[in-house]
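Q: Residue numbers for the sequence shown follow the working numbering, so the first one is 368 and each next one is one higher.
Bear in mind the hints are in silico, worked out from the structure with no lab data behind them.
Virtual Cβ for every residue (Gly too), placed ideally from N, Cα, C.
Be a bit skeptical, because a hint or two may be false.
As the list claims (entries may be wrong) - Ranges of calculated distance between the beta carbons of each label pair, as one might list FRET restraints:
no.: 1; residue 1: D614; residue 2: Y796; range: 50 to 58 angstroms
no.: 2; residue 1: N525; residue 2: T743; range: 51 to 59 angstroms
no.: 3; residue 1: T756; residue 2: T693; range: 42 to 50 angstroms
no.: 4; residue 1: G564; residue 2: L452; range: 22 to 30 angstroms
no.: 5; residue 1: N636; residue 2: G522; range: 28 to 36 angstroms
no.: 6; residue 1: E555; residue 2: D500; range: 56 to 64 angstroms
no.: 7; residue 1: R948; residue 2: T721; range: 56 to 64 angstroms
no.: 8; residue 1: S912; residue 2: T743; range: 50 to 58 angstroms
no.: 9; residue 1: G853; residue 2: E941; range: 28 to 36 angstroms
no.: 10; residue 1: T554; residue 2: D614; range: 19 to 27 angstroms
no.: 11; residue 1: A857; residue 2: E594; range: 52 to 60 angstroms
no.: 12; residue 1: P469; residue 2: G522; range: 37 to 45 angstroms
no.: 13; residue 1: S549; residue 2: A690; range: 29 to 37 angstroms
Stated by the list, open to error - Listed next, the in silico DMTMM-like pairs over lysine to aspartate or glutamate satisfying Cα-Cα at most 20 angstroms (straight line):
no.: 14; residue 1: K918; residue 2: E940
no.: 15; residue 1: K921; residue 2: D932
no.: 16; residue 1: K625; residue 2: E594
no.: 17; residue 1: K918; residue 2: E941
no.: 18; residue 1: K456; residue 2: D490
no.: 19; residue 1: K832; residue 2: E880
no.: 20; residue 1: K793; residue 2: E807
no.: 21; residue 1: K892; residue 2: E906
no.: 22; residue 1: K832; residue 2: D864
no.: 23; residue 1: K765; residue 2: D779
no.: 24; residue 1: K625; residue 2: E635
no.: 25; residue 1: K793; residue 2: D859
no.: 26; residue 1: K793; residue 2: D705
no.: 27; residue 1: K625; residue 2: E653
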Amino acid sequence: MKDLSKKQIVAIILLTLLCLIILAAGIFYIYYDEQISELWEIAADAAEKWNKSKWSDFCYRRAIERNPSNVDAYLAIAESSFENLNYTKAEKYLDEAINNNPDYTPFYLLLCRVYFAQDKLFDSLTLLEGIEDTVVRNEIAALRPAAPTASYESGTYNRHIIVSVSGSGIGVCIGLNGEFPSTATLTETATYTPNVGDSVLLAVSVDENGLVSAASRYEYHLEGVSEVASFKDRTIESLARKQLGFDDGRVITTDDLKAVTSLSLPDENGTLPEGITTLDDLSMFESLMSLNVNGAAGFDWTFLSNLTALTELSASGCALTTADLTNLSNLSKLITLDLSNNQIASVEALSGCTSLKILNLSGNSIQTVEPLAQITGMRELNLSANAITSIDALSGMKKLHTLDISYLLLSDISALRGLTALVNLKFDYCAVEDITPISECESLVNLSCESNHIISLAPLAGCGKLQTAILARNRISDISPVAKLGALRALDLTSNDIVALPEDMSGMVSLSELLLANNSISNLKSAGGLPSLEMLNIEYNAVTSLEPLTKCPKLRTVRAFGNSDTLLISTLEEQGVTVYR
Numbered sequence: 368m369k370d371l372s373k374k375q376i377v378a379i380i381l382l383t384l385l386c387l388i389i390l391a392a393g394i395f396y397i398y399y400d401e402q403i404s405e406l407w408e409i410a411a412d413a414a415e416k417w418n419k420s421k422w423s424d425f426c427y428r429r430a431i432e433r434n435p436s437n438v439d440a441y442l443a444i445a446e447s448s449f450e451n452l453n454y455t456k457a458e459k460y461l462d463e464a465i466n467n468n469p470d471y472t473p474f475y476l477l478l479c480r481v482y483f484a485q486d487k488l489f490d491s492l493t494l495l496e497g498i499e500d501t502v503v504r505n506e507i508a509a510l511r512p513a514a515p516t517a518s519y520e521s522g523t524y525n526r527h528i529i530v531s532v533s534g535s536g537i538g539v540c541i542g543l544n545g546e547f548p549s550t551a552t553l554t555e556t557a558t559y560t561p562n563v564g565d566s567v568l569l570a571v572s573v574d575e576n577g578l579v580s581a582a583s584r585y586e587y588h589l590e591g592v593s594e595v596a597s598f599k600d601r602t603i604e605s606l607a608r609k610q611l612g613f614d615d616g617r618v619i620t621t622d623d624l625k626a627v628t629s630l631s632l633p634d635e636n637g638t639l640p641e642g643i644t645t646l647d648d649l650s651m652f653e654s655l656m657s658l659n660v661n662g663a664a665g666f667d668w669t670f671l672s673n674l675t676a677l678t679e680l681s682a683s684g685c686a687l688t689t690a691d692l693t694n695l696s697n698l699s700k701l702i703t704l705d706l707s708n709n710q711i712a713s714v715e716a717l718s719g720c721t722s723l724k725i726l727n728l729s730g731n732s733i734q735t736v737e738p739l740a741q742i743t744g745m746r747e748l749n750l751s752a753n754a755i756t757s758i759d760a761l762s763g764m765k766k767l768h769t770l771d772i773s774y775l776l777l778s779d780i781s782a783l784r785g786l787t788a789l790v791n792l793k794f795d796y797c798a799v800e801d802i803t804p805i806s807e808c809e810s811l812v813n814l815s816c817e818s819n820h821i822i823s824l825a826p827l828a829g830c831g832k833l834q835t836a837i838l839a840r841n842r843i844s845d846i847s848p849v850a851k852l853g854a855l856r857a858l859d860l861t862s863n864d865i866v867a868l869p870e871d872m873s874g875m876v877s878l879s880e881l882l883l884a885n886n887s888i889s890n891l892k893s894a895g896g897l898p899s900l901e902m903l904n905i906e907y908n909a910v911t912s913l914e915p916l917t918k919c920p921k922l923r924t925v926r927a928f929g930n931s932d933t934l935l936i937s938t939l940e941e942q943g944v945t946v947y948r
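Just need the whole structure built from these sequences, with the hints factored in.
A: So, in structure tokens, the structure goes:
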């Protein structure tokens, strides 16, 4: 064998050294787990500083695989997962860590924090109560908050009690009747009012690190008392307390609520209290006879079906729909009902409310009132501002005292014929031309029918009790039919087609206010001597002389803009009359 060259010798030596190094590394890797684990941990720490979370997790995992006793690696990867809100991952590593290292206290403490963040107080308590290592158990016992205590011991009570539960740490969590305490109930001091029968209260204290105390259990039995009124809405409860005169510390029972017969959510200014989230609590007020919920929009109205004692309900501006009205169908005692300014299209659900006497449906989208035909005892009815085209269903309401059918798509008022009890009638802004049916309304006192197509006032000649007649913006030219109405006090004929006043107005002995603006009147002779006239408006006519008015003994105000520039007013002013011209 030839002599080896120096280069070959060096190569052999280097190769031998490399093999020895690899062999040594393999032996080190196989037999020195702790040191390898520490190296992986160092790599993981470095990756974490560079925000390389995936690489960091990989390195921590390798460190743990090499040495399951590497508590620092377990703690680091669990804390990282917890801080990134990956609670499932944190739980997984901590469960594994405790399995491998049951004598390491920080694992238990961190796992309690993870459980607390997920509202897993039962898991936390199970973990702490199941610690087998005596040293760890004692260490954690020294850190855990004290168990809560209740102001009433378990037992039987024949009166209502309010149980106050207090603990240590940051507060207490409670669970009722089989439910384990939840962080959703966390409060510094919890209160609980047991109801009739048996109830169970569980409570735990919680500290700032998520550690929970041992659970406190209290069992109560109440007998011989009425049910506690359980309120969902604090604002409704506050209104009930105010109505009953109860302070915050007194329990309200369902029997107590029977004393409340009248309730108004809006204050005297019509303002709803802030903070109402539901009206469901009102279903407990079974004795309510009068309820005002005006302006309470956006709520569930099923509670109304339970208030069968109601005789008066105001629900104006509540965004009520036709579907919501079904909750009124069994309120047979209703006498007064205000459903104005809602979104109602049909009143079919009211057909059974046959006791109704006062009904306001103005400002809705109602097209027909046929379902109301059976409510023959109606005294006051407001149907204004709807899409109604016929009022025939009202013909049987012989007791009707007040009726407002303004702002309807209405031209025929034949249904009013025979409604002899009518005292107040209003049908402004319709399309009525013939008012003949009113001739039979012998009790009529107040009439308003401005902005229609009325030509003849002849049907009013027999309305001897009429005191107020608002007939503005029609097509009237002859007002002689009302010239003998001795009870008439106010007459508005603004914006009609009147050229001349009746020759004889002496029968209008009670007339104190006469509005004739925007007509074509030139002569006021017949108005002279009206014994009760106090105010006259003749703006924008063709009047040339005010002299006849000097014979009106009570006249105080004359509005005469838009007439002849030669009007002499000095005589009237000398009599103390104020003339605007």
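Q: Hey, K793 versus D859, does the alpha-carbon distance stay inside 20 angstroms?
A: holds (14 angstroms)
Q: Straight-line Cα separation of K918 and E940 no greater than 20 angstroms?
A: holds (13 angstroms)
Q: Verify the proposed pairing of K793 with E807, using a straight-line Cα cut of 20 angstroms.
A: holds (16 angstroms)
Q: Check the following: the C-beta atoms of R948 and T721 are separated by a distance inside 56 to 64 angstroms.
A: At roughly 57 angstroms between Cβ atoms, T721 and R948 fall inside 56 to 64 angstroms, so the hint holds.
Q: Given the range 42 to 50 angstroms, decide if the beta-carbon distance of T756 to T693 lies inside it.
A: violated (25 angstroms)
Q: Lying within 56 to 64 angstroms: is that true of the beta-carbon distance E555 to D500?
A: Violated, since E555 and D500 (Cβ atoms, about 33 angstroms apart) do not stay within the stated range.
Q: Starting from the hint 28 to 36 angstroms, judge whether the C-beta atoms of N636 and G522 obey it.
A: Given range 28 to 36 angstroms: violated, Cβ gap about 49 angstroms.
Q: Please work out if K921 and D932 have their alpha carbons no farther apart than 20 angstroms.
A: violated (25 angstroms)
Q: Starting from K832, check that the Cα of D864 is at most 20 angstroms away, please.
A: violated (26 angstroms)
Q: Going straight from one Cα to the other, do K918 and E941 come out at no more than 20 angstroms?
A: With Cα atoms ~13 angstroms apart, K918 and E941 stay inside 20 angstroms; holds.
Q: Take a look at whether the Cβ-Cβ distance between A857 and E594 falls inside 52 to 60 angstroms.
A: holds (58 angstroms)
Q: Would the hint linking K456 and D490 be met if the CA-CA limit is 20 angstroms?
A: holds (16 angstroms)
Hint violations for this structure: numbers 3, 4, 5, 6, 15, 22, 24, all remaining hints satisfied.
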